[in-house]
Each structure stands twice: as C-alpha cells, then as structure tokens.
Amino acid sequence: MATPLESPITFTNVSKAKWWQSGFFASQTGYVLLALVVLFVVMNFASPYFLTEGNIQNVAKNFSFIAIAALGVTFIIITGGIDLSVGSMMCFSAMITSMVMTGLSTPGMPGASWFVHLAADGKTVVANVPGLVLLISVLSGLGVALIVGLVNGFCIAVLGLSPFVTTLGMLSIVRGLCYVVSNGRGSFPGGPDADYFYALTSGNVLGMPAPFIYLVILAIAMGIVLHHSSFGRHVFALGGNEKAAELTGIPVVRVKIEVYVIGALAAGLQGIIISGWLGSAPANMATSYELNVIAAAVIGGANLAGGLGGPLGAIVGCVLLEVIRNGLVLAQVNSYWQQTLVGVIIILAVLVDRVRSRMA
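If you're matching positions, the sequence shown starts at 1 in the numbering used here and goes up one per residue.
Honestly, I wouldn't trust all of these hints.
Label pairs and their computed distance ranges (CB to CB) [what the hints assert, rightly or not]:
hint, residue 1, residue 2, range
1, Met-208, Leu-36, 13 to 21 Å
2, Gly-279, Val-355, 43 to 51 Å
3, Phe-188, Gly-343, 29 to 37 Å
4, Val-333, Thr-248, 48 to 56 Å
5, Met-208, Tyr-336, 27 to 35 Å
6, Phe-231, Phe-154, 13 to 21 Å
7, Gln-332, Glu-53, 17 to 25 Å
8, Tyr-179, Gly-279, 15 to 23 Å
Don't read these hints as lab results, they were simulated from the structure. Each residue gets a CB set at the ideal place from its N, CA and C atoms; glycine is no exception.
Taking the hints into account, I'd like the entire structure generated from these sequences.
Right under this line is the structure:
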C-alpha cells in the first residue's frame, strides 16, 4: 500500500541570508556602486556642467589613466600581495618609450645606432618603415616593466621577501633610474611615428577616449581570465589560503611571479598612455600614483588580506575617485582636499566591509 508523501523537512536553526548579505549587496562593489549613483545625482544638482557630454568624456578619460594600472594591482592584491612601485613603473616605461622613439628617429642621438639599419647596405632604416619605430619603442617600454615585474616576483616568491618592503624598495630604485637615464629631464616622443603615438594614446575611437576603450577590453579579458581559467582559480586560491593552495598542487611560486609581471606590465602600459596625453614623460611623472591605484582597487572591493577582487570593483573604485575629484573642481573647492577625501573613503570602505562581515 502506498504511503502519502511526507512533508519536506525544515531546519529551524538555519536562517536565510539578510537582504544586505545577498544579491547586489553581497560584495563591497555593490555598496560602492550605490554610493556612486548617489554621488552622480548630488553632483548633477550641484553643478549644471557635471552631466554634459564634454565633462563625462573628461571623467571617462581621466579615470582610465589609473584604472588600467588598478586592474594589474587587483591581480596582486587578490593573492594577498601589494605593489607600491606602480607609480615609478609608469614613469620608467613612459620615459624609455619616449627616449627610444626619439633615438631611433634622430641620427646621432643615443640609441639611434641600436636598430638604425635593417639591411647590410644601409638603404633601409627603421624610420622609413611606418609604425616600426612606434612598435619597437612601446615594446621597449613594456620590456623594462616586464623585467621589474620579474624581479619583484622573484624576490617575493622565491626569496620570500615581504611584498611591502620589496615593492617599496623597487619604488625608490625605479624612480632613481628615471632620473639617471634622463639626467632629471623629461623626454618627448618624437620622430615620424609621433602622430601615431598621440592618436593611439590620447585620441578618440568611435567617439570615446582611446584609453577608455583599452580599459574596457582589458577589463573583459581580466574577467574571463579570473573566472574562466585555471590561472584565475589559482590566483583566488592563493589569496584564500596559500598553504592549502600549495598542498593541492598549485604552482605557488609561478603564480606569484606571474601576477607581479601582470601588475608591472599594466603599470607600464598605463604610463605610456599617460605620456601621450601629457605630450612628454617628465622624471617626476606619476609620483604618488600608487596611492590612487591601490585605493581604487581596495575601495572597489579588493581585500588586502587576499582572496577577493575583480575588474568591475577596480573600475568602480577609479570612477568614484575621479567623480569626487571632478566634483571638487566644478564646485571650486580647493583641490588639496582630494587627498584627504581619498584617505577617508579608504577607511570607510574597509569599515563597511568589516561591519558587513561581522553581521554575516
């Protein structure tokens, strides 16, 4: 004889997640997005110029000038590390790119003899091949970033040095090299490919600033890598529990080196783009930018203890900082308050995350 279906078992000691612990508000990025929307509304009432097309394009371009580097730093922070040398790395890559571009295009300049002849008879020179000087110059700038990233990763992953101390030392080393190679003077992109360089770094693509287009492409690529590849899973596992990750067979040393290389390359690319916007690469370029880059990543939800972070959070953090800076300018508030507000926002972001964690 069939028995009637029994009623489902319910557990009275298990409660549903609160509304502030699920869905949109399950991560710090959700709270920052909400704060950003509120800030947009407030700024729209505070200044009639805020939501104009020109100002929005300025905001998109300006936050892109730190967001690409923030994507790279987010990789590092997810593993529980940190990179304080990104500002110096921006300057060094930009300076090397400009110096190589000028040197290859100007006979007699230092570095012009490196690649000047492509054929034995000397009839074909690098400067006569459209875009080749630009390609070699950019690869040179990214090459020095690659070397710095490898050194950082080796010292931290192989030698076991502290990420904070290692990258703090590298900040000083790389900044010093900027002054050494330039004798304290800035360098200017020149030569036949200078117009290409400026078009690619400070021009517009489909009506949008070129840096913003690069940012969107890199953010999508980062999201795919982090959430749909074994490397991304290794990065999160390393930040969650390094010892456990090592016991499960994850190549901890290799992953650590790779994330510091990614961070350095992102900073180098960011510096090259900024130099196109400035029209030069001064020796003091991007000084203290590491504060804004790391702040943007942390505000967007990257946890300095590791295990949390993503491209959306990094971008949202950058947008928030730029909207505040832009708002201060439009409201004619002393721009020095920006630094103060960045510090306040960092503390508030960490506080909100801590309160949310304790209420979980």
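Evaluation of the provided hints:
1. The hinted range of 13 to 21 Å is satisfied by Met-208 and Leu-36, whose Cβ atoms lie roughly 19 Å apart.
2. Remark: the range hint 43 to 51 Å for Gly-279 to Val-355 is upheld by a beta-carbon distance near 46 Å.
3. Checked against the given bound of 29 to 37 Å, the beta carbons of Phe-188 and Gly-343, roughly 34 Å apart, stay inside it.
4. A hinted range of 48 to 56 Å holds for the C-beta pair Val-333 and Thr-248, which are about 51 Å apart.
5. For the pair Met-208 and Tyr-336, the supplied restraint of 27 to 35 Å holds, since their beta-carbon distance comes to about 31 Å.
6. Separated by about 19 Å at the C-beta atoms, Phe-231 and Phe-154 satisfy the suggested range of 13 to 21 Å.
7. Our hint of 17 to 25 Å for Gln-332 and Glu-53 holds, since their Cβ atoms are close to 21 Å apart.
8. Between Tyr-179 and Gly-279 the beta carbon distance is about 20 Å. The supplied range of 15 to 23 Å therefore holds.
No hint from the list above goes unmet by this structure.
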